[in-house]
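Chemist: For this one, chain C is given, so just place chain B on it according to the hints.
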Amino acid sequence: MMTMVWWQNLPLFMIVGALVCAAVCSVLKAKAARAVMAALSFLECCGMGVLLYFTLTKNESFVFAMGEIGAPFGNELRVGAAEALVGLLFAVIMFLSLLGGWKQFSLDIAPNRATLYGSVFCLLTAAMCAMTFTNDLFTAYVFIEISTIAACALILSRNWGRTMFAATRYMIMNLLGSGLFLLGLSMLYCLTGHLLFPQLGAGVKELLAANRYPMPLYLSFLLMTLGVAIKSALYPFHTWLPSAYSTSTATSSAILSSVVSKMYIFLLVKIFFRAAGTDVFARRIEDVLFLYAMVGVIAGSVYAIVQRRMMRMIAYSSVAQIGYIFLGIALGTEAGFAAALFHILAHSAAKSMLFLAGNKLRSAADGQDTFPALRGTAKKEPLAALAFLVGALSLVGVPVLGGFASKVFLAKAAVELGGWRMVVVLADLLVSTALNVGYLLRCALTLYRPAEDTEARPAPKTRDAAFAFAMIVLILMNLGLGVFGAPVLDWIQRGIAMFV
Amino acid sequence: MLGRVFTHLDGLTAVALFGIGFALLLLDKNLMKKIIGFSMMDSGIYLFLASYGYIEGRLAPIYAEGISDPAAYVNPLPAGLVLTGIVVGVSVTAVMLGLTVRLYERYHSLDIDEIAEKIRREGK
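Residue numbers (our numbering), protein chains in the order written: chain C, 7 to 506; chain B, 14 to 137.
Careful: at least some of the hints might be erroneous.
Said to hold, decoys possible - Interface residues of chain C toward chain B, partial, derived using beta-carbon atoms under 8 Å:
#1 F48
#2 C52
#3 I75
#4 C158
#5 L181
#6 L182
#7 L188
#8 S192
#9 C196
#10 P493
To be clear, the hints were calculated from the coordinates, so they are not data collected in a lab. We treat Cβ as the ideally placed atom computed from N, Cα and C, and that holds for glycine.
Excised from the complex, chain C in its bound form (with noise of 0.2 Å):
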């Protein structure tokens, strides 16, 4: 056993100091139990800086035995630099949007429930570490009904009528999604004996040199792919999707949109590359995926653009986004997946702005999000109308910012693939990226232009400190996304090395 460095206990900390921070927040007052939340986020934030800093220093990724004990009875958490970035972001993403929505909060909950919100904040986080660091299959599935229940909670944080028709459904469809995962998960644990993904991904290995099982080997990885892709809303299965983004309140949105649905993402990831292995036998369930995504990417757009909410436009654009993410992964290359995890990176940073800078517009337009409604709105809300348009150019694809940088790396890994897939996502590429301006930037301009009733009405200028932080914030990290693409795509690199 090698001697455990202070830093490599982060991870346990991390995971055991949320958890006990949702216990302690459900017995404080309402002011205390916001200030627990932004501390937790905050520390978690360094933490997983901290993480980062050494894996990549280091050039490793490092293993927590919980206990000391191995495998097939241990449970671990492992970190290496692809695990840390991802958190990272996550914790980021949580934190801003948490200060995003701050002044909102106390209008949009009531007191006596802001300690509830404050505890399932901090399980969200703990679900997020957990499923971030994990080794452990079945502990993932844990936490995914963990963040499950968290992110439902998160929703129904406004008391209406609809936001809680709209948790309902999400439950339903995400149950329907916790289930497969388990199905598959049991299947592939009576197979291999394995929960561990080291071992879980020697015996599959195994079991396939030696062509047993191969039908119910495939299947297991179909079902557990089913169960995540719905869960993350891939095209055919984010019905869920529109209501539960556009009706719950900032924070809430902003986190459900960039940490909840791409954990699950980062999830699948772990699981191809550490337990199925990228080769031909991924590959079937890859073709699957390619498809699916493929029309997601354009059927999103298309949703988008006949909505005549602006809410519900952006979480549709979600529906698009998730699609090209997806095509990163199912190209089933190196760099297909390093192109996948930066588009997990560049859509975090736009989506939660995005959701955040509208819920801000939402209210200067009097709680309408209509386009008619939103008109003017830039001049009320300066800040709040750059961010969106920052974000809009963002996932449009402009140059500088970071979604141009991610697709420029998907179309670099389609482009080393070759074939007919090369054609399809350059293809893909193309159509969602004007049909990306038909709505976003329309959307953007409509901010600008002056207020049909000129006699406009006295805007009470609203001072908020927190959220201009955030926004200033969310912008860097756009732009930096977009200048350092190429160190941050080699971070991303050298993690998935380590992943092996």
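Modeler: Chain B alone, transformed into the frame defined by chain C:
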């Protein structure tokens, strides 16, 4: 063929249970039936894990006096997984039931289409 069906009877039952529950959860319009479907789906998986985790003739994984050979016991992990799964299932069911109660209080219906219709009419 028939022989193979019988050797895998519990596995097939489990998958059938899962399928029935899955269909109920996905297709039924009644919220209570959906929750029942979820329970069936989960029970199917527990049956699957428990039946394949048991080996005929071995002892429960609790130390018995004088038998120190691990091969005499069954693997405790599948049972542990089932227990964890049950706990997860119970909490999810509780959340779903809570949601259903709240929706029923507000819309006086368990039919998911009817609730959607009422919400649409309620407007915003």
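Chemist: Could you run down the list of hints and mark each one as holding or not?
Modeler: Hints and how they fare:
With its C-beta approaching chain B no nearer than about 29 Å, F48/C sits outside the 8 Å limit, and its interface hint is violated. Because the closest C-beta pair between C52/C and chain B is about 31 Å apart, greater than 8 Å, the hint is violated. Interface hint status for I75/C: violated, as the beta-carbon distance to the closest one in chain B is roughly 12 Å, over 8 Å. Given the 8 Å rule on beta carbons, the hint for C158/C holds: about 6 Å separates it from the nearest Cβ of chain B.
Residue-level restraint check for L181/C holds (minimum Cβ-Cβ distance to chain B is 5 Å; threshold 8 Å). Satisfaction of the interface hint for L182/C is found here, the shortest Cβ-Cβ separation to chain B being roughly 6 Å, below the 8 Å cut-off. The interface hint given for L188/C is met, as the beta carbon of that residue sits about 5 Å from the closest beta carbon of chain B, less than 8 Å. Hint on S192/C holds. Least Cβ distance to chain B is approximately 5 Å, under the 8 Å limit.
With 8 Å as the threshold, the beta carbon of C196/C comes within range of chain B, its nearest partner Cβ sitting at about 5 Å, so the hint holds. For the restraint placing P493/C at the interface with chain B, the shortest Cβ-Cβ distance is roughly 40 Å, beyond the 8 Å limit, so the hint is violated.
In the structure shown, a violation is registered for the earlier hints numbered 1, 2, 3 and 10, in ascending order.
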